[in-house]
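Starting from the given sequences, assemble the full structure and let the hints guide the process.
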Amino acid sequence: MKRSVTNILNDCQPQELDSLLENINITLPEDVDADAVTSLATQKAGVVHRRHTARRAALIAACVALLAGILVGCYVAEQNEYNSAVRFFDLNNLDTAGLSRDDIKRVYRDMTTESFSRDESAELLLQNSDNKEIYATGKSTDRVEGLNISIMNSANNADIGTIEQLYGRYPSDDAVGHGNIPDKTMYFVGDELEKTAASETVWRTKLPHCYEDYYISNGKALIWGSYIYDTKHDYMHTSVALIDDSNGKLLWEKTLDTKYNFDEDAVATINDNGYIGMLTLATDDRFSEEKMLVFRELDDSGEIVTEQEQEQSIIFNNRITALSDGWLAEVSYSLPQDSLADRLIKLSPAGEIQAVWALEDADDTEYEVVAMTEYDGKIYLSVQARWYGSQLYDDLVWDDPSDSGFTDTLRDTAREVFSSVLFVCDPDSGKPEEFYSVGGTMPGSLSVDDGGCLVWHVGRIVKCGYCPYASSFTFYGFTRRYDYTFDSDNNKLKEEKTDIFNSFYTI
Amino acid sequence: MSDKELLRLLRRNPAKGFDRMVGLYGGLLYALVRGRLTPACYGSTDVEDVVADTFSDFYLSLSSFDPSRCSIKSYLCVIARNKAADVLRKKRPAELPIEDAEDVLYVSDTAEESELRADVLHAVGNLGEPDSEILVRKYYLGQPSKEIAHALSLTPANVDTRAYRAVEKLRKLFGGTS
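Residue numbers (the numbering used here), protein chains in the order written: chain E, 1 to 507; chain L, 1001 to 1178.
Worth flagging that the hints you see were computed from the coordinates, not collected in a lab. For clarity, every value in this text was computed on a predicted model and none was experimentally measured. It cannot be assumed that every hint is accurate.
A few chain E positions that, by computed beta-carbon distances, are all more than 10 Å from chain L [stated by the list, open to error]: (1) ARG204; (2) ASP325; (3) SER429.
Using 30 Å as the maximum straight-line C-alpha spacing, the simulated BS3-like pairs for lysine-lysine come out as follows [stated by the list, open to error]: (4) L:LYS1004 to E:LYS259; (5) E:LYS220 to L:LYS1016; (6) L:LYS1169 to E:LYS2; (7) L:LYS1016 to E:LYS254; (8) E:LYS206 to E:LYS249; (9) E:LYS431 to L:LYS1004; (10) L:LYS1169 to L:LYS1146; (11) E:LYS259 to L:LYS1016; (12) L:LYS1090 to E:LYS2; (13) L:LYS1016 to E:LYS232; (14) L:LYS1004 to L:LYS1016; (15) E:LYS2 to L:LYS1146; (16) L:LYS1016 to E:LYS206; (17) E:LYS2 to L:LYS1172; (18) L:LYS1004 to E:LYS232; (19) L:LYS1073 to E:LYS232; (20) L:LYS1090 to E:LYS44; (21) E:LYS44 to L:LYS1073; (22) E:LYS259 to E:LYS232; (23) E:LYS44 to L:LYS1016; (24) L:LYS1016 to E:LYS249; (25) L:LYS1146 to E:LYS232; (26) L:LYS1004 to E:LYS44.
All C-beta atoms, glycine included, are put in the ideal place defined by N, C-alpha and C.
In structure tokens, the structure reads:
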């Protein structure tokens, strides 16, 4: 019998190929745009993705420079948005009757950004509600606010699609898994930064590269992000810039010098002296798990005054804030048996790791920090606790991985599994201490009210469904916001139930 | 980045997860898909489309992926292989008869498929480096000798010679005559 090596290998199952492919690593050819492949893949998967390559900025600039190209481009963009809007209406069984072309686009933008600031959006939702109830999320007009309505889910996939489309199948990073993170005021759109207030554009600034995140302090917006600086090898470096928050003027910008091929995954903050503390992860080999944690302190003109690197098993930098004596960062460590764990690390003013703390004190509970803020000289952490002791929760996932819709069982079980915990960290050492928790909730942001008290926004789970089509193990639903107010001695002053609902999804 | 870290990243931050995934495995999948589609006159756009489809399908079926059974790398390769085969089936290009294939082996008529695969894989692994890698790149990924030579710091002629000898070794191992 004749068989070819090719056919035999082609018939192999994945586990049979492991040993053969283990040491074979191939990079994309130089003429293939990795970012284009990534964008195409995420588009097919329905994931929002921003292009990082500087080549896109050059390409857009070249097109815009041609007058005819501008006109054609505007027409095509408008047509594409209109087509997307029509598809959105059709998918969600929303009637376009009586709406002009511009109305259709405005409502589409209003709903997909979850602003709900237009009367037309509210009217449409009401007209199409039938026996459905719709939760009003985020900002809403007077017409929608106060209406105690929610989307009733059935086992019908179309309804789940409606929920995902209307409330954001893939919320912004800040809202991942949690509700009640306050609206962002700055948005990165390609290589531009847009500041908004009440959903209106305040200013828009063109940036030399694409950026990823920002931090505002004393009228200045610090922005940072990694981009492909070497398109031949797809090496990525981090750049940082300072913007005047009042008018969007770029004050300075720099790409951080590094001896590594990849220097990325940056987090940054500004301390009381106006100095910038930054962490990145650096490596020469993208396939390697060995990375250097690099700390840099920059002065307010962007000059590096301190640089420190140390080898750590850190795989993600999540956030950093300033202490009175040094810095406090929240990172994800890679542990043995391929597990990950979030940790707080205290860094000296020069960036040396002085202490590492875990938040959880039980093996069956995982903590994840969702917000970190300073109040009255102390650092507060809003943390999600996920309890793995609920067999019922795992049974629901593994035994019935089908589209569930909202069920009371899932809601009650989710309330059993998820809770919100509030930690306070010592201002000098950074050591965290739990002092308040609320069961059955998703943690939100922290803010300071007009009376100078700390307010913690927490979302009580009111609806929970499971949809494997969105992603693996995706639980989603709605929370009702409760605000907990504390004084500077961490005494709870009041608990307030609101009529504000938010969507969430989590694993 | 380990498979479990990549899975967690895909779930926590899908956009970043895709960046990392394409960075880690984009080249391998591109080579595999191109090796199958190029001989049938498909261009780079088609190859990129299949590669993107592969990553997208993997992400959408994360719940059915068990990291304890196989690596993400191998799993992606099988998805890519199947997707490339789907593309080829649509156009029904003429297939190369096995009789003309340079990598043909002569195996027992009674050989069980799964055992045959296991035996061949074991034999390929035992060829040692770089022959084992040359065989995988040439006959599974479909890479041309010039590319294999560049990757392994050999000459194309050296690659061809080693591949020929490796297949001869496998023929002797599995007996049979032409």
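Structure-based check of each hint:
Look at E:ARG204: its CB is around 22 Å from the nearest CB on chain L, clear of 10 Å, so calling it non-interface holds up. The beta carbon of E:ASP325 sits about 31 Å from the closest Cβ of chain L, which is more than 10 Å, so the claim that it is off the interface holds. Its beta-carbon lying about 28 Å from the closest one in chain L, E:SER429 satisfies the requirement of being farther than 10 Å from that chain. A threshold of 30 Å between alpha carbons decides the hint, and for L:LYS1004 with E:LYS259 the separation of about 28 Å falls inside it, so the pair holds.
This hinted pair checks out: E:LYS220 and L:LYS1016 have alpha carbons roughly 27 Å apart, not beyond 30 Å. Between the alpha carbons of L:LYS1169 and E:LYS2 the distance comes to roughly 16 Å, so the proposed pair stays at or under 30 Å and holds. The hinted pair formed by L:LYS1016 and E:LYS254 meets the criterion: a straight-line CA distance of about 23 Å does not exceed 30 Å. Taking the CA atoms of E:LYS206 and E:LYS249, the gap is near 9 Å; set against the 30 Å cutoff, the hint holds.
Taken as a hint, the E:LYS431 and L:LYS1004 pair is honoured in the structure, with Cα atoms around 29 Å apart against an allowance of 30 Å. Taken as a hint, the L:LYS1169 and L:LYS1146 pair is honoured in the structure, with Cα atoms around 23 Å apart against an allowance of 30 Å. Taking the CA atoms of E:LYS259 and L:LYS1016, the gap is about 23 Å. The hint holds against a cut of 30 Å. Distance hint between L:LYS1090 and E:LYS2 is fulfilled; the C-alpha atoms sit about 26 Å from each other, no more than 30 Å.
With a CA separation close to 21 Å, the supplied pair L:LYS1016 and E:LYS232 stays within the 30 Å bound. As the CA atoms of L:LYS1004 and L:LYS1016 are separated by approximately 15 Å, the hinted pair is consistent with the 30 Å bound. Among the hinted pairs, E:LYS2 with L:LYS1146 is consistent with the structure: their alpha-carbon atoms are about 28 Å apart, no more than 30 Å. Distance check on the hinted pair: L:LYS1016 and E:LYS206 sit about 23 Å apart at the alpha-carbon level, within 30 Å; holds.
Pair hint E:LYS2 plus L:LYS1172 holds up; C-alpha atoms about 14 Å apart against a cutoff of 30 Å. Among the hinted pairs, L:LYS1004 with E:LYS232 is consistent with the structure: their alpha-carbon atoms are about 29 Å apart, no more than 30 Å. A hinted pair counts as satisfied when its Cα atoms are at most 30 Å apart, and L:LYS1073 with E:LYS232 qualifies at roughly 24 Å. Pair hint L:LYS1090 plus E:LYS44 holds up; C-alpha atoms about 21 Å apart against a cutoff of 30 Å.
Restraint check for E:LYS44 and L:LYS1073: satisfied, since their Cα atoms lie roughly 20 Å apart, inside the 30 Å limit. Taking the CA atoms of E:LYS259 and E:LYS232, the gap is about 17 Å. The hint holds against a cut of 30 Å. In summary, the hint linking E:LYS44 to L:LYS1016 is supported, as the alpha carbons are separated by about 15 Å, within the 30 Å threshold. About 29 Å separates the Cα atoms of L:LYS1016 and E:LYS249, which keeps this hinted pair within 30 Å; it holds.
Our distance criterion of 30 Å between C-alpha atoms is met by L:LYS1146 and E:LYS232, whose separation comes to about 20 Å. For a cut-off of 30 Å, the pair hint linking L:LYS1004 to E:LYS44 stands: about 23 Å separates their Cα positions.
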